[in-house]
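A.B. asks: Residues per chain, in single letters:
There are 2 protein chains.
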Amino acid sequence: MCALAPMLAHAQAGGDIGTSLMQRADVRAALDSARTDEPRAIEEQIRLCEIPAPPFKEADRARTYADAFRGAGLRNVRIDKEGNVLGERPGRLPKPHLVFSAHLDTVFPEGTNVHVIREGSVLKGPGIGDDCRGLALILAVVRSMNKANVQTSGTITFVGTVGEEGLGDLRGVKALFSETLRGQIDRFVSVDGSGYGITHRGVGSRRYRVTFKGPGGHSYGAFGLANPAHALGRAVAAFADLQVPTDPKTTFAVGRIGGGTSVNAIPFDAWMEADMRSVDAAALQALESGFLKAVDDALAAENARWNQNGRLTVEKQLVGDRPAGLTPASSAIVEAAVSVTKALGLTVTLDEGSTDANTPMSLGIPAIAVDAGGNGTGAHALEETFDTAESWKGTQRALLLAIALAE
Amino acid sequence: MCALAPMLAHAQAGGDIGTSLMQRADVRAALDSARTDEPRAIEEQIRLCEIPAPPFKEADRARTYADAFRGAGLRNVRIDKEGNVLGERPGRLPKPHLVFSAHLDTVFPEGTNVHVIREGSVLKGPGIGDDCRGLALILAVVRSMNKANVQTSGTITFVGTVGEEGLGDLRGVKALFSETLRGQIDRFVSVDGSGYGITHRGVGSRRYRVTFKGPGGHSYGAFGLANPAHALGRAVAAFADLQVPTDPKTTFAVGRIGGGTSVNAIPFDAWMEADMRSVDAAALQALESGFLKAVDDALAAENARWNQNGRLTVEKQLVGDRPAGLTPASSAIVEAAVSVTKALGLTVTLDEGSTDANTPMSLGIPAIAVDAGGNGTGAHALEETFDTAESWKGTQRALLLAIALAE
Chain A
370 MCALAPMLAH
380 AQAGGDIGTS
390 LMQRADVRAA
400 LDSARTDEPR
410 AIEEQIRLCE
420 IPAPPFKEAD
430 RARTYADAFR
440 GAGLRNVRID
450 KEGNVLGERP
460 GRLPKPHLVF
470 SAHLDTVFPE
480 GTNVHVIREG
490 SVLKGPGIGD
500 DCRGLALILA
510 VVRSMNKANV
520 QTSGTITFVG
530 TVGEEGLGDL
540 RGVKALFSET
550 LRGQIDRFVS
560 VDGSGYGITH
570 RGVGSRRYRV
580 TFKGPGGHSY
590 GAFGLANPAH
600 ALGRAVAAFA
610 DLQVPTDPKT
620 TFAVGRIGGG
630 TSVNAIPFDA
640 WMEADMRSVD
650 AAALQALESG
660 FLKAVDDALA
670 AENARWNQNG
680 RLTVEKQLVG
690 DRPAGLTPAS
700 SAIVEAAVSV
710 TKALGLTVTL
720 DEGSTDANTP
730 MSLGIPAIAV
740 DAGGNGTGAH
750 ALEETFDTAE
760 SWKGTQRALL
770 LAIALAE
Chain B
370 MCALAPMLAH
380 AQAGGDIGTS
390 LMQRADVRAA
400 LDSARTDEPR
410 AIEEQIRLCE
420 IPAPPFKEAD
430 RARTYADAFR
440 GAGLRNVRID
450 KEGNVLGERP
460 GRLPKPHLVF
470 SAHLDTVFPE
480 GTNVHVIREG
490 SVLKGPGIGD
500 DCRGLALILA
510 VVRSMNKANV
520 QTSGTITFVG
530 TVGEEGLGDL
540 RGVKALFSET
550 LRGQIDRFVS
560 VDGSGYGITH
570 RGVGSRRYRV
580 TFKGPGGHSY
590 GAFGLANPAH
600 ALGRAVAAFA
610 DLQVPTDPKT
620 TFAVGRIGGG
630 TSVNAIPFDA
640 WMEADMRSVD
650 AAALQALESG
660 FLKAVDDALA
670 AENARWNQNG
680 RLTVEKQLVG
690 DRPAGLTPAS
700 SAIVEAAVSV
710 TKALGLTVTL
720 DEGSTDANTP
730 MSLGIPAIAV
740 DAGGNGTGAH
750 ALEETFDTAE
760 SWKGTQRALL
770 LAIALAE
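Which chain is which? The protein sequence lines are A and B, in order.
The numbering of the first sequence is my numbering, which starts it at 370 and goes up by one.
The numbering of the second sequence is my numbering, which starts it at 370 and goes up by one.
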């Protein structure tokens, strides 16, 4: 948090980073440029969105995005081993080092029609808001800063991450913090989705696919064997009665179950997919422990019920792991985001969510996610829309935030 | 049981129905005819088996079988409303009235290749033993009785039933006893499958498909709603701990489970298919009550857990209902079957099973199922086989049994 001390001092001195920045001629010029440049940003949003980027298959969009980074004048543009696109805008000093990112991937599988339709101010297409908007906004921020010759004290690395969605499981941002820029990031912002909210609570999640297995057999002839579906039922029943805190909000659900081939056969396997979430890492860990104990106890109980005949085994596969984290509302990075939002006359909303910012939050690195302006509907749905009306306000807010956090 | 009193008296008098019958010249001639006729029976077994007879679609095979009944000289040949084929061989009197049957249907769906391959003495094809063998055997029995002019005291109705397998749920034999020949049947034999066993314990079954339903929703955003998968788990867990007697053998299993669309959503439904069986009707009923209570308790518990938020409902659909029944080993019909089996030098095996005989057993009408000779493998599998080596012994046994039970 020490890296943010000067800004915090500034705020505490009765100043306000948003208001202060607005008084700088270069910043005002950059804001004007952002507004003027918005039609181009929207064209880029469409162009990027029409390049498919399914989970684990973001490479085509990443290459195009890297070219756009070069075209916008970023330095040392590269694609790291995980597939993230990076480009630098050096400040007077290397530090503080701000990462300002959006994510490349969508939730949509290969073969999805990604054509974007424009109807008046509204764009329709899968991923148009989440997060093609963030990707395009970053390019607009870089161009506006360059056009107005905004010089920052610290350095900004702009990033397009892979694997933010679903089973991507934050693999891009995890690699960024554990390998590519390990130990080098002081502040982190993810620009993700439409609207004007500020996400400072990172909802963590742990997801499991649990499979009970046994020999199976005829329901009458082989009766007396342990039954994987029965073991599963025991596990689910115990899980269903776990107690969780309301605050910090902590949730759990079995989302899918399956198993068996015929009504008249003891199944050879039965499985569930379970989802556990919390904004609090300790609460999430306690819930996960309860879940795993429910599974182990169910295995033991079903095997004991049949005196170990047709002894079952269980596989517990972790299929999702998003760390929980919290950047306090009183922290400098949140205060800066609030300040620039207010300075532009926008409404301040502090949110919770699951974004790339979860990873730095869990590491204690100041991090938030901010919405990218405009007005969106149907994220993760094929009929997703993004209304561009006054979306330049989102670009301006992100621009001010980037400058503020690179001071 | 009074209808069997004369035969029982005969056995108790130190006589033996099998031995006695073997002393009759007409019966010996019929037995010779059965042996001589066996190649024709095998040809008919193949011909009938190559007419598809999926569950609920036995009509083509039924028409051909009715023609074969007419060709064999049976009277009043007809197909009843349910689809069963009936043909009579009148005795000197209408009573006792014996029904001697095999089943027309197979477990195989439409489109299954039903071509039969012959390799030496072995026939390969879906349903070749279960129960094309029984169908062909019945024709051979009729022909042999007619050729030897065997006159019985009572009347025999030969029947090809529909719906013996799986979800057919004994619909043919149920209709026979509840409608077509209601109140008119004194004794019942089903000739079903290969080998030489005598099935006198009818394993009853009750099968349910149970579906819990609720509004569903996002696993984090909608948390606090009752979860259908959790309710299902509670029901399965309670079912898994029910206690059942070892004797009479009583069994239970959840055979299939399913539900949910995504790991990160509370499902809008979750379901299971459960199978319960017993040779004892009371034990089966007690088990079924326990199952239904487990389901109802689970619904109440899950709704209570969430204070009736997202209140769940449950559907309990009975998808299988085969009555349990027992024809005592000491009963006249079983003694007759044992006697004729011994008279032919065959090994006596008393079995349990789920056959068309379950229905009359449950009604207290003397009933058994007998295997149809030969040696089979892979019943209900595509690669089912039937070895015809000495299969004429099965025909002879059935022939003797039919004559014995029509006396």
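I should point out that these hints are in silico values taken from the structure, not numbers from a laboratory.
Some hints could be false.
It does not matter which identical chain is used: a pair holds within one copy or between any two.
Derived DSS-like pairs (lysine-lysine); straight-line CA-CA distance at most 30 angstroms [as the list claims (entries may be wrong)]:
1) K618 / K582
2) K582 / K516
3) K450 / K426
4) K618 / K685
5) K685 / K582
6) K662 / K582
7) K493 / K662
8) K464 / K685
9) K711 / K516
10) K493 / K464
11) K662 / K618
12) K711 / K426
13) K493 / K426
14) K685 / K762
15) K711 / K464
16) K762 / K493
17) K762 / K516
18) K426 / K464
19) K450 / K685
20) K450 / K464
21) K426 / K662
A.B. asks: Each of the hints needs a verdict: does it hold here or not?
C.D. replies: Hints and how they fare:
Only between protomers do K618 and K582 lie at most 30 angstroms apart by alpha-carbon distance; the minimum there is 25 angstroms, versus 34 angstroms within a single protomer. Taking the closest pair of Cα atoms, K582 and K516 never come within 30 angstroms of each other, the shortest separation being 63 angstroms inside a single copy and 58 angstroms across copies. For the homomeric pair K450 and K426, the shortest alpha-carbon distance inside one copy (14 angstroms) is at most 30 angstroms, but the shortest distance between copies (60 angstroms) is not. With identical chains, the CA atoms of K618 and K685 are at most 30 angstroms apart within one copy only, with a shortest distance of 25 angstroms there and 35 angstroms across copies.
Both within a single protomer and between protomers do K685 and K582 lie at most 30 angstroms apart by alpha-carbon distance, with minima of 11 angstroms and 27 angstroms respectively. In this assembly of identical chains, the alpha carbons of K662 and K582 lie at most 30 angstroms apart whether taken from the same copy (17 angstroms) or from different copies (27 angstroms). For the identical chains of this complex, K493 and K662 are neighbours neither inside a copy (46 angstroms) nor across copies (50 angstroms), given an alpha-carbon limit of 30 angstroms. Taking the shortest alpha-carbon separations for K464 and K685, neither the intra-copy value of 43 angstroms nor the inter-copy value of 66 angstroms comes in at or below 30 angstroms.
In this homomeric assembly, K711 and K516 come within 30 angstroms of each other (Cα to Cα) only inside a single copy, at 24 angstroms, whereas the closest approach across copies is 106 angstroms. Taking CA atoms no more than 30 angstroms apart as the test, K493 paired with K464 passes in neither setting, with 40 angstroms inside one copy and 80 angstroms between copies. Only within a single protomer do K662 and K618 lie at most 30 angstroms apart by alpha-carbon distance; the minimum there is 21 angstroms, versus 34 angstroms between protomers. Proximity of K711 and K426 under a CA criterion of 30 angstroms is satisfied in neither setting, with 38 angstroms inside one chain copy and 73 angstroms between copies.
Taking identical chains as interchangeable, the C-alpha atoms of K493 and K426 lie at most 30 angstroms apart only when both belong to the same chain, with a minimum of 22 angstroms there against 49 angstroms between chains. Taking the shortest alpha-carbon separations for K685 and K762, neither the intra-copy value of 46 angstroms nor the inter-copy value of 55 angstroms comes in at or below 30 angstroms. In this assembly of identical chains, K711 and K464 lie within 30 angstroms of each other by CA distance solely inside one copy; the values are 27 angstroms within and 99 angstroms between copies. Taking CA atoms no more than 30 angstroms apart as the test, K762 paired with K493 passes inside one copy only; the shortest distance there is 20 angstroms, against 76 angstroms between copies.
Proximity of K762 and K516 under a CA criterion of 30 angstroms is satisfied intra-copy only: 18 angstroms inside one chain copy versus 100 angstroms between copies. Taking identical chains as interchangeable, the C-alpha atoms of K426 and K464 are never at most 30 angstroms apart, the minima being 33 angstroms within one chain and 79 angstroms between chains. Within a single copy, K450 and K685 get their C-alpha atoms as close as 29 angstroms, which meets the 30 angstroms cut-off; across copies the closest is 53 angstroms, which misses it. In this assembly of identical chains, the alpha carbons of K450 and K464 lie at most 30 angstroms apart only when taken from the same copy (24 angstroms versus 88 angstroms across copies).
Taking the shortest Cα distances, K426 and K662 never come within 30 angstroms of each other, neither inside one copy (36 angstroms) nor across copies (50 angstroms).
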